[in-house]
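S.K.: Residues per chain, in single letters:
Protein chains: 4
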Amino acid sequence: KQQKNSKGNGDFCIKNIKQADFGRREIEIAEQEFRTTIPLQAKKTPLLSSSPQVLMETLSALGAQCRWAACNIYSTQNEVAAALAEGGETRVFAWKGESEDDFWWCIDRCVNVEGWQPNMILDDGGDLTHWIYKKYPNMFKKIKGIVEESVTGVHRLYQLSKAGKLCVPAMNVNDSVTKQKFDNLYCCRESILDGLKRTTDVMFGGKQVVVCGYGEVGKGCCAALKAMGSIVYVTEIDPICALQACMDGFRLVKLNEVIRQVDIVITCTGNKNVVVRENLDRMKNGCIVCNMGHSNTEIDVASLRTPELTWERVRSQVDHVIWPDGKRIVLLAEGRLLNLSCSTVPTFVLSITATTQALALIELYNAPEGRYKQDVYLLPKKMDEYVASLHLPTFDAHLTELTDEQAKYLGLNKNGPFKPNYYR
Amino acid sequence: KQQKNSKGNGDFCIKNIKQADFGRREIEIAEQEFRTTIPLQAKKTPLLSSSPQVLMETLSALGAQCRWAACNIYSTQNEVAAALAEGGETRVFAWKGESEDDFWWCIDRCVNVEGWQPNMILDDGGDLTHWIYKKYPNMFKKIKGIVEESVTGVHRLYQLSKAGKLCVPAMNVNDSVTKQKFDNLYCCRESILDGLKRTTDVMFGGKQVVVCGYGEVGKGCCAALKAMGSIVYVTEIDPICALQACMDGFRLVKLNEVIRQVDIVITCTGNKNVVVRENLDRMKNGCIVCNMGHSNTEIDVASLRTPELTWERVRSQVDHVIWPDGKRIVLLAEGRLLNLSCSTVPTFVLSITATTQALALIELYNAPEGRYKQDVYLLPKKMDEYVASLHLPTFDAHLTELTDEQAKYLGLNKNGPFKPNYYR
Amino acid sequence: KQQKNSKGNGDFCIKNIKQADFGRREIEIAEQEFRTTIPLQAKKTPLLSSSPQVLMETLSALGAQCRWAACNIYSTQNEVAAALAEGGETRVFAWKGESEDDFWWCIDRCVNVEGWQPNMILDDGGDLTHWIYKKYPNMFKKIKGIVEESVTGVHRLYQLSKAGKLCVPAMNVNDSVTKQKFDNLYCCRESILDGLKRTTDVMFGGKQVVVCGYGEVGKGCCAALKAMGSIVYVTEIDPICALQACMDGFRLVKLNEVIRQVDIVITCTGNKNVVVRENLDRMKNGCIVCNMGHSNTEIDVASLRTPELTWERVRSQVDHVIWPDGKRIVLLAEGRLLNLSCSTVPTFVLSITATTQALALIELYNAPEGRYKQDVYLLPKKMDEYVASLHLPTFDAHLTELTDEQAKYLGLNKNGPFKPNYYR
Amino acid sequence: KQQKNSKGNGDFCIKNIKQADFGRREIEIAEQEFRTTIPLQAKKTPLLSSSPQVLMETLSALGAQCRWAACNIYSTQNEVAAALAEGGETRVFAWKGESEDDFWWCIDRCVNVEGWQPNMILDDGGDLTHWIYKKYPNMFKKIKGIVEESVTGVHRLYQLSKAGKLCVPAMNVNDSVTKQKFDNLYCCRESILDGLKRTTDVMFGGKQVVVCGYGEVGKGCCAALKAMGSIVYVTEIDPICALQACMDGFRLVKLNEVIRQVDIVITCTGNKNVVVRENLDRMKNGCIVCNMGHSNTEIDVASLRTPELTWERVRSQVDHVIWPDGKRIVLLAEGRLLNLSCSTVPTFVLSITATTQALALIELYNAPEGRYKQDVYLLPKKMDEYVASLHLPTFDAHLTELTDEQAKYLGLNKNGPFKPNYYR
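Chains as they are written, first to last, in the numbering used here: chain A, 1 to 424; chain B, 425 to 848; chain C, 849 to 1272; chain D, 1273 to 1696.
It is worth saying that the hints were derived from the structure and are not from the lab. Possibly wrong hints are sitting among the right ones.
[As the list claims (entries may be wrong)] In silico contact screen, one side only, chain A against chain D (beta carbon under 10 Å); selected entries: (1) Ile352; (2) Tyr372; (3) Gly411; (4) Tyr423.
[Claimed, not checked] In silico DSSO-like links for lysine-lysine, alpha-carbon gap of 27 Å or less: (5) Lys1654/D - Lys419/A; (6) Lys134/A - Lys162/A; (7) Lys135/A - Lys373/A; (8) Lys678/B - Lys1256/C; (9) Lys650/B - Lys226/A; (10) Lys1010/C - Lys1221/C; (11) Lys1256/C - Lys558/B; (12) Lys1556/D - Lys678/B; (13) Lys1010/C - Lys806/B; (14) Lys254/A - Lys226/A; (15) Lys1691/D - Lys165/A; (16) Lys678/B - Lys1267/C; (17) Lys1413/D - Lys1437/D.
Backbone N, C-alpha and C define an ideal beta-carbon position, used for all residues, glycine too.
One chain only, chain A, in its complex shape (with noise of 0.2 Å):
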């Protein structure tokens, strides 16, 4: 259905234009928080991303022409996505909700325009770099990068790299210390609590939780419901990981241990069918299962759509599954991640995310000629620093300064970088 902005513009697609305002509110609700300035010249440059919405605008601000679909068929807020449309800068092709077809012809829609070609993707996921690969390869021809900030993604651009594909340099910034510390850990400590609330109301306080995988998101989850008074086993595949859960008070246990006995479980592993019907079957009675990891193969949700399980959606993102004798399982999000369907992602946390983003596009974009090759990089420690240096205003804290004499004793930059790539 075609809908014009008030300016009568029409190059978008989103679910109703008249909740514009309401969006528009909510991004300066979220600017009351997202105070990071990124200090840049203005620049023109075509962009098509997948990223979140808050960016958009301030890469618009700096001089992009962006283009824009959602990488998640849930993630997308629709006011948000009004205001956008409504603003007129950035091309929106997103709803809440939207079909896999959709998906696809969302970030078609992107791409496919005639008298635009991008210079940049911003990607989060892969499905848009994905896309241009497979239906417009020729594309990459004026394209000077790619900035990518999820693990798949991620993953997707090395295979390529490693197959000879990658066609132009690609900038990692899942990696960044500041961003996975804030995506992961942070964000998580706080997302899962409220993730779980919103959903359920289930009291914490006394619940036994187990949770698969002791990374950064783990850690988050393991040590927010540890504080909120809930017994927290963890299950691992890494001994460095699991050693690490055992001097933080956690008990390691494979997941058949304690399935019986948990009234929650949450998976953060990146890995698939870490919770298999095997073990659906065996929890008790109103156990919660939800996915803190990744896309949605973690929990085996297929195996749960059999004739003798009964589905019934009670609220929205939340379903029982019942079995034959009455057990109820509570399966949020349908296996998807619990954070994205269930939560908001803090302001805060986008714009570290958004910072790091838009330092890596402008890094690709102004880099002399030959400084990136067609291979996979990780941000510079440096920019890694200065990202986390631009947020620490809003936590009023100061930095100390290294003297000269210091500096020398430790053999550093007094502008940093401070420490080894490998720190975290």
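With chain A's structure known, arrange chains B, C and D on it following the hints.
M.R.: Just chains B, C and D now, kept in the frame of chain A:
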């Protein structure tokens, strides 16, 4: 507007009877966690109540004929009220967002019904009791007792008692240990996070927060926010609570020492005018202000209703109050209780409270003539322990029993009570 | 062996007067933290005491003529006793490692002195009071009151009172809120770690620990160990404390459910035979067993004095008890109180206790005839708050004062007391 | 002074051979916790070492002929050294409280022995390596490699390597994940509390503390003190660590902002002159100052050796430095490392480090010619994971194994390594 439930009964007044199915589902979800069985014989007893909805059905099942009005103009969940109305056993007069007049009208509809006379009052805040005192004092002749669960209501009862005007026995269930800890410490530890997230999506990490009051509610709020990485300051008037705050790692300050620097202000005092216009004038842009304490007196909201300030409703329960220089204060729930308005009370906490109330009702109803005089009583310690013990199986918690030798050594009965009355 | 201090005075009995200088330094270190001033006029009062050393000098400075014996055969610091003896104002009869006979001999030397008659008793455990009852009952004619600070001593006083045998007023300072919280919760939170480290150097991270008893001491121990990364189980007999343990995130078990798997067993019950031979038989090799609770009854140490078990003293206060199969249990302080035997009580806690005791002494001494009968009294709430307020400046803590309007609203005096008596 | 052990061997130099029995008991206590078995075949290899004592016996048991000198003039436990000397397999040249000259003399006695030539160096700090470079460079011809575990030693090796002067392969075990986390984060989380308690008996609750540096050591110190109820401020030079401190709930300040108000100052920077005379002049009376970081450079202790300040040794490792106005600063360990001087390293941490060192030694010793060049290497990730997995059984921790399908999905070998090299 007259509505009827599916059985043709119209003795209720709620928002929309069509929401009954949805509400029934909500109740079922609650029952997933609300597992306590009150192991009592059924009895028939007409009951007036302004207490949480979940209790009503239990009491009905026990044989009570209940009529129910809301205790707060915002606290009713319309769907749940509809489900109760549809069920037909409890007469419901309540909806979310009643006016002051509606509120008293509902109470009157509860009380003033031909051919029905209550013999027990279950009150929350004392308004129901107050109304009967004022309008239908003769009703007390047949009333066997009052069970009251709020600070305010208890306060009123003690005043009646002191003035020699209390004409039936009353049970103060507010000050039972179990109920206190859950309603205040444990519940607020979770609801402060939930309430702030649902309204503002604020990230807690690194935020500076001042919590006014370090009673049970304050302790819960401070512990939760500290665990989420906030920097928390506390104000107190009582040196004992103040010293506890120090020992728990919070800087004890006067409000004006930190008011310019904090990101969030939370009141938990039970006092009035704890945050006044002068404080609000000095807060920084974007500061969030909310009340977890009592009534709506803690923040002097009236002082913000002046011509030079602009109010902007940005979301449900969220107002921006805008100063002439553009500074915005984010006021939640117009200074009313955040945990009642913007978060949900976990069903487990409702179960604790409801069990305490039900036991108190039964105790008063069954007590032999003369055991209770026209006075205010605390729930007997042993019943308090009984409420706790009924909730232990939820956690698969295994209590240790005293041996005869140990009981003798300690001078205790093996079945309790185990602690002196002042033990918390 | 007769010793004299540098002034030629020999009315004391300690280990070694030559340690006086070292002990004086220890006292000075303590005074660095022990900053409370008790702002009172000096008065002359003969005093008997078995209380901590630090208080003695303060009381002497206030004009008391003190004679002091130890309350525990291990708790005396010889150097500090020497310093007091050298100072000459307090007569000291105490050393570390007294025999049972020594213990009573010291008490008798305190009491039984020609030309001196006490008018106040400051007791800790009730042995001193017991001795006078037994040997010198006539002394009570001139005694104005007893101040008692221990659970045991208070228990004995209530029994005397119940039996109608208490012949002077007694003040139970053990149950004042401030004293309780510091002596138990806050102090044990630190001393459990300190005591275990000094004796065993054990690493807490990842250790499985069972804590028997979740009163204030148990709460302190559990919180500290959880924070250090231990996995903590709790046993309880009281359902209210049990539920608190659940909500604080501890699995509530019976001892035999976890006894095979734990690394550390800690008793904090005030009960007897909490850990018995059967439990000890099932512990795993290397398990550490200690008592934070009360007296030396909690662990049935006597049951370990059997021929098939070998005891090996590996360090001061540390025994390995060795089973025939080579299994070793690490028993600390022979089952006596770990915090008294193997760690130090922070001077700040001593200051709280000492201030409470001093105020109670002064209250009893100064009270007009007839205010206190031959009964056991709790410290008045207002004095309890006063003790707390005297210690706030140490933390640079700033108390908020009620406005007149607020005091009226709350129905409180602006100077307190601020809480009901049962508030903890 | 020449001593001989019971077998008549005199090739050692320690404090007192008579302490051997006591030291043997200490070692046995340690072995209670030190349960890792290094499952390797014995081999004969002459080894020079300045590493912890516990490792020596293991290496001897594996067939190494070890000679050992201390890495720090205070870190030797005389009794343990005596036990090793008595055992006779390790030649020991070390005692607590060596002078600077003693220190180098001991190292020389280790190295310079007729008819013996080392083929591996196990160093901690680089002094041993330095001495051989300086005095016996020819020895390197037969040396197969250096294993170095300290920051300083590793720094020196990288400098040698950069300068092209490194003449054998070297393994940097300091930066293995497992070793880092345990030596720094987990160990310091406990030893900061232990070190402060043993020296000062300070109560942590309510104390204001500034921690300089928020690396792994700082993170451990801050977490422990926060958990004990201290109010903690952090200083940092690195914006990434600074942001982490903010998100963990610590105010980030410059030292001079809080120096007047804090009760305790802790340095954990690895830097020099972090606390200088100007800071010390402004501290309040009774402030405790200590170093958890590195060497003895962090606090400018030399600046306190001036005539107007009086030093008073109040206990072992505790000095009062007294200003003309009577102000006292409590300086611990004369500014040397608190955790080495005033607390013990848990045997579990020693086990982690020792296992890492042993595996690195074996790797270098067994490596085929040419695998390692004259360069500095990190411990291979897989060995790092192996060290971790060897320590899991202590915690009864059960690792989950990848299914074939999952391993394929993740692109991992089922036996690891599981994470990229930069993962911490």
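S.K.: Confirm or reject each hint.
M.R.: Outcome of the hint check:
1. The beta carbon of isoleucine 352/A comes within 9 Å of a beta carbon in chain D, closer than 10 Å, and the hint placing it at the interface holds.
2. Evaluation of the tyrosine 372/A hint against chain D yields a violated restraint, the C-beta minimum of about 20 Å exceeding 10 Å.
3. Because the closest C-beta pair between glycine 411/A and chain D is about 8 Å apart, less than 10 Å, the hint holds.
4. Hint status for tyrosine 423/A: holds, given a least beta-carbon distance of 7 Å to chain D, under 10 Å.
5. About 24 Å separates the Cα atoms of lysine 1654/D and lysine 419/A, which keeps this hinted pair within 27 Å; it holds.
6. Distance check on the hinted pair: lysine 134/A and lysine 162/A sit about 18 Å apart at the alpha-carbon level, within 27 Å; holds.
7. Taking the CA atoms of lysine 135/A and lysine 373/A, the gap is near 23 Å; set against the 27 Å cutoff, the hint holds.
8. Taken as a hint, the lysine 678/B and lysine 1256/C pair is honoured in the structure, with Cα atoms around 20 Å apart against an allowance of 27 Å.
9. Among the hinted pairs, lysine 650/B with lysine 226/A is consistent with the structure: their alpha-carbon atoms are about 13 Å apart, no more than 27 Å.
10. Under the criterion of a C-alpha separation no larger than 27 Å, the hint pairing lysine 1010/C with lysine 1221/C is consistent with the structure, at around 14 Å.
11. For the suggested pair lysine 1256/C and lysine 558/B, the alpha carbons sit about 25 Å apart, so the restraint of at most 27 Å is met.
12. At most 27 Å may separate the alpha-carbon atoms for a hinted pair to count; lysine 1556/D and lysine 678/B meet this at roughly 22 Å.
13. Between lysine 1010/C and lysine 806/B the CA atoms are separated by roughly 23 Å; this keeps the pair inside 27 Å, and the hint holds.
14. The hinted pair formed by lysine 254/A and lysine 226/A meets the criterion: a straight-line CA distance of about 19 Å does not exceed 27 Å.
15. Restraint check for lysine 1691/D and lysine 165/A: satisfied, since their Cα atoms lie roughly 25 Å apart, inside the 27 Å limit.
16. With a C-alpha separation of about 20 Å, the suggested pair lysine 678/B and lysine 1267/C falls inside the 27 Å cut-off, and the hint holds.
17. A distance of roughly 14 Å separates the Cα atoms of lysine 1413/D and lysine 1437/D; the hinted pair therefore holds under the 27 Å criterion.
Consistency with the previously given hints fails for number 2 only.
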